[in-house]
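A.B. asks: Chain by chain, the residues:
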Amino acid sequence: MADDLVIRAEGLGKKYVIGHEAQHERYLALRDVIARGARNAWRMAADMAKGRVVVPGDEVEEFWALKDVSFEVKRGEVLGIVGRNGAGKSTLLKILSRITEPTEGRVTIKGRVASLLEVGTGFHPELTGRENIYLNGAILGMTRAEIKRKFDEIVAFAEIEKFLDTPVKRYSSGMYVRLAFAVAAHLEPEILIVDEVLAVGDAEFQKKCLGKMSEVAMGGRTILFVSHNMAAVQNLCRRTIVLDSGKVVNDASPAAAIPSYLAQAIFYSNDLANRPRPGWARQWIRGARLLDSGGVERNSFALGEEITVEMSFAASAATALPVPGMGVVINHLLRGTVGGINTRMTNQKPKVKSCTAGTFRATIEVPLLQGSYSIDLWLDDGRSDVDVVEDACRFSVEGSDIYGSGQTPYADLGVVFMRCNWEFIQEPSTTAALGAHSFMDH
Amino acid sequence: MEIVLEPGRAERHYWRDIWIYRELFAILAWRDVAVRYKQTVIGVAWALVQPFLTMLVFTIVFGRVAKLPSEGAAPYPIMVYAGMLPWFLFSSILGGASASLVTNANLIGKVYFPRIIIPSAAGAVALVDFAINFVLLAFLMLWFRFVPSWHLIFLPFFIALAMLASLGPSLLMTAMNVKYRDFRYIIPFVVQFGVYVSPVGFSSSIIPPKWHFWYSLNPVVGVIDGFRWCVLGGQSALYLPGFLLSLGIVAAFLWLGIVYFRRTEKTFADLI
Chain A
0 MADDLVIRAE GLGKKYVIGH EAQHERYLAL RDVIARGARN AWRMAADMAK
50 GRVVVPGDEV EEFWALKDVS FEVKRGEVLG IVGRNGAGKS TLLKILSRIT
100 EPTEGRVTIK GRVASLLEVG TGFHPELTGR ENIYLNGAIL GMTRAEIKRK
150 FDEIVAFAEI EKFLDTPVKR YSSGMYVRLA FAVAAHLEPE ILIVDEVLAV
200 GDAEFQKKCL GKMSEVAMGG RTILFVSHNM AAVQNLCRRT IVLDSGKVVN
250 DASPAAAIPS YLAQAIFYSN DLANRPRPGW ARQWIRGARL LDSGGVERNS
300 FALGEEITVE MSFAASAATA LPVPGMGVVI NHLLRGTVGG INTRMTNQKP
350 KVKSCTAGTF RATIEVPLLQ GSYSIDLWLD DGRSDVDVVE DACRFSVEGS
400 DIYGSGQTPY ADLGVVFMRC NWEFIQEPST TAALGAHSFM DH
Chain B
0 MEIVLEPGRA ERHYWRDIWI YRELFAILAW RDVAVRYKQT VIGVAWALVQ
50 PFLTMLVFTI VFGRVAKLPS EGAAPYPIMV YAGMLPWFLF SSILGGASAS
100 LVTNANLIGK VYFPRIIIPS AAGAVALVDF AINFVLLAFL MLWFRFVPSW
150 HLIFLPFFIA LAMLASLGPS LLMTAMNVKY RDFRYIIPFV VQFGVYVSPV
200 GFSSSIIPPK WHFWYSLNPV VGVIDGFRWC VLGGQSALYL PGFLLSLGIV
250 AAFLWLGIVY FRRTEKTFAD LI
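As given, the protein sequences belong to chains A and B, one line each in that order.
Every letter in the first sequence is one number past the one before it in numbering that gives the first Met the number 0, and letter 22, counting from 1, is 21.
Every letter in the second sequence is one number past the one before it in numbering that gives the first Met the number 0, and letter 246, counting from 1, is 245.
No lab work stands behind these hints, which were simulated from the structure alone.
Note that the structure is a prediction, hence the values are computed from the model and not measured.
Hints may contain errors.
Simulated crosslink set (BS3-like; lysine-lysine; CA at most 25 Å straight-line) [what the hints assert, rightly or not]:
#, chain 1, residue 1, chain 2, residue 2
1, A, K109, B, K265
2, A, K14, B, K178
3, B, K66, A, K66
4, B, K66, A, K246
5, B, K265, B, K66
6, B, K37, A, K168
7, A, K14, B, K37
Construct all of the structure, not just a fragment, from the sequences and the given hints.
C.D. replies: Laid out in structure tokens, this is it:
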């Protein structure tokens with residue numbers, strides 16, 4: 000491997016086996032049922048004995064999450080990996096961080112690999128801050144000696160000196176996040192893997208991760224960054240790989256690669272139950288649609304048009320939501336978060352005692368500029384968030400002559416358009432000729 | 000440092016990897032021990048209450064009510080307790096290790112390390128409890144003024160044997176539990192059942208001689224007999240053919256457990 004290469008992946012593939020129930024014939028003979036049952040039992044027993052994964056179902060299908068993926072990463076490069084959900088990004092990261100083995104191909108990695116994981120992975124609530132620093136450090140791959148050396152720094156960074164010997168279950172969520180991040184920030188891997196999909200759920204943590212990433216990148220380390228946030232990818236990465244259905248479809252500078260990703264991202268399913276989520280989230284948000292003011296489902300809106308976000312949820316029967324609440328965050332695909340709102344913020348609670356399923360409709364007024372936007376949906380139970388789906392749906396805003404001037408607002412000037420009452424006060428001056436025509440006259 | 004990842008690669012560096020991750024093993028073991036006694040009022044005493052009460056019950060039921068003989072001149076409570084020590088070591092490893100992979104699912108899905116260190120760390124917790132229980136045995140001996148023999152120096156060997164005996168089935172169970180959660184229902188049953196099938200409350204000398212060899216198919220029989228031989232000394236005779244059979248069964252389970260665990264561990268992250 001050449002000297003400046005730190006990662007070389009050649010023909011990587013990862014296969015999963017999924018099972019299906021067979022379509023049942025209309026007339027089913029008992030003989031067939033028994034025969035099929037016996038066949039499946041035999042197959043499962045054989046798989047179990049061989050230590051292979053046993054897949055229930057009548058028909059077994061192979062599914063390649065990654066297929067024939069090759070790329071190289073140079074030392075100090077910041078590589079963005081983008082793609083739709085299910086494109087294979089997380090599988091790729093799992094292979095690189097050794098959590099799962101590739102089915103075919105090989106990767107050569109030079110140096111230590113570490114991942115920025117979801118807040119506090121491996122923290123134990125009963126253990127004190129001090130104990131958790133050692134535990135978490137070891138889990139992230141630091142040696143005891145290393146942790147000892149950096150211990151004071153970590154404590155100072157997290158600002159938890161006073162609570163060092165308090166169990167972390169008594170920490171405020173802010174302290175918890177600070178401590179978790181402080182440990183991760185003092186890792187010094189040659190290759191840092193950041194999966195933003197895993198780190199969602201805490202805006203502060205996410206912000207810190209991005210900050211840490213730019214710092215690490217400055218220090219000449221290699222970073223692999225997976226994100227749906229095109230703004231962050233564009234700002235941080237010098238190169239971007241676009242994955243689609245397990246294959247690399249584009250490998251270029253962000254400016255060249257991102258448009259191809261946005262183009263393929265148009266198809267969006269309304270079924271949100273199986274979307275990836277952070278670990279704490281329950282899979283209760285079921286579906287989402289965007290409606291116009293006439294109640295018609297649409298994905299493209301005119302400037303200034305009201306957008307209704309519809310979100311349905313279904314909790315398990317045993318855990319009804321005391322006061323269901325909804326949150327909406329709108330992101331510009333290239334420029335980041337535009338804003339967010341939730342029912343707690345506006346103190347509008349549905350008039351129900353407790354319920355397990357329902358549909359929210361949020362009609363939102365935002366003066367968004369032309370462009371592509373994604374929506375993150377949040378579900379809460381009146382006190383705390385219980386579920387989130389990032390990038391739950393997308394829409395575009397198309398230009399229109401909103402000012403009646405024959406012009407549209409400039410699409411690349413930020414994320415919102417404004418309305419304005421211009422006023423002009425003429426200074427009494429010698430150039431009296433100007434005063435006669437204020438520029439607001441048509 | 001250069002790492003190559005390809006199908007089957009991790010297999011070849013298996014034991015070297017375990018050595019590299021020894022610090023993580025130590026810290027996970029320490030975590031399990033520390034967490035066990037956090038937020039308990041009597042803390043370490045819990046480790047004593049259970050075996051002590053069990054010993055009382057067994058002494059009364061088997062020794063007094065059923066009038067079963069002890070081994071030689073050894074007092075019945077000491078005989079029972081010397082059998083309960085390895086039994087609790089065996090069963091608490093089995094219980095802790097079998098559930099360990101599933102309880103640590105969040106780590107397995109996110110960080111790489113040789114998975115075998117997780118069930119093995121459960122063994123460390125059991126060992127700490129064992130050490131505490133051992134102190135109680137010393138008190139019992141003082142109370143009954145019972146002098147152990149020189150056989151006691153072989154005890155470390157039998158402690159290791161008890162741990163290996165439970166590690167084999169534990170690895171098998173915990174690996175299967177990842178995919179089939181049915182197996183977690185089996186363990187409490189095995190433990191409950193095993194305490195009566197194994198010579199815990201009684202001496203294996205009451206088993207008719209012609210059955211003694213086949214009784215040793217239960218690997219715990221060999222372990223418990225070995226413990227009693229160490230602790231009770233000349234009062235207890237070690238039945239050698241049976242003991243060797245138990246050794247063989249222990250070795251077979253260990254081999255099976257490790258082989259099955261290694262074969263399936265690559266898929267844990269995909270299944271858990």
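A.B. asks: Below or equal to 25 Å on CA atoms is what counts here, so check B:K265 against B:K66.
C.D. replies: This hinted pair is violated, its Cα atoms lying about 53 Å apart.
A.B. asks: Take a quick look at whether B:K37 and A:K168 sit within 25 Å of each other, Cα to Cα.
C.D. replies: Holds, at roughly 12 Å.
A.B. asks: Quickly compare the C-alpha distance for B:K66 and A:K66 to 25 Å and report which way the hint goes.
C.D. replies: Violated, because 71 Å separates the two Cα atoms, which is more than 25 Å.
A.B. asks: Does A:K246 sit within 25 Å of B:K66, going by the straight-line distance between their CA atoms?
C.D. replies: Given that 25 Å is the threshold and the Cα spacing comes to 74 Å, the pair is violated.
A.B. asks: Would you check the hint for A:K14 and B:K178, treating anything up to 25 Å between C-alpha atoms as holding?
C.D. replies: Distance of about 18 Å is within 25 Å: holds.
A.B. asks: Regarding the pair A:K109 and B:K265, is the alpha-carbon distance no greater than 25 Å?
C.D. replies: Distance ~22 Å between A:K109 and B:K265 Cα, so the pair holds.
A.B. asks: For the pair we were handed, A:K14 and B:K37, check the Cα-Cα distance against 25 Å.
C.D. replies: Violated - the C-alpha atoms of B:K37 and A:K14 are around 43 Å apart, more than 25 Å.
The structure fails hints 3, 4, 5 and 7 (numbered hints given earlier, in ascending order).
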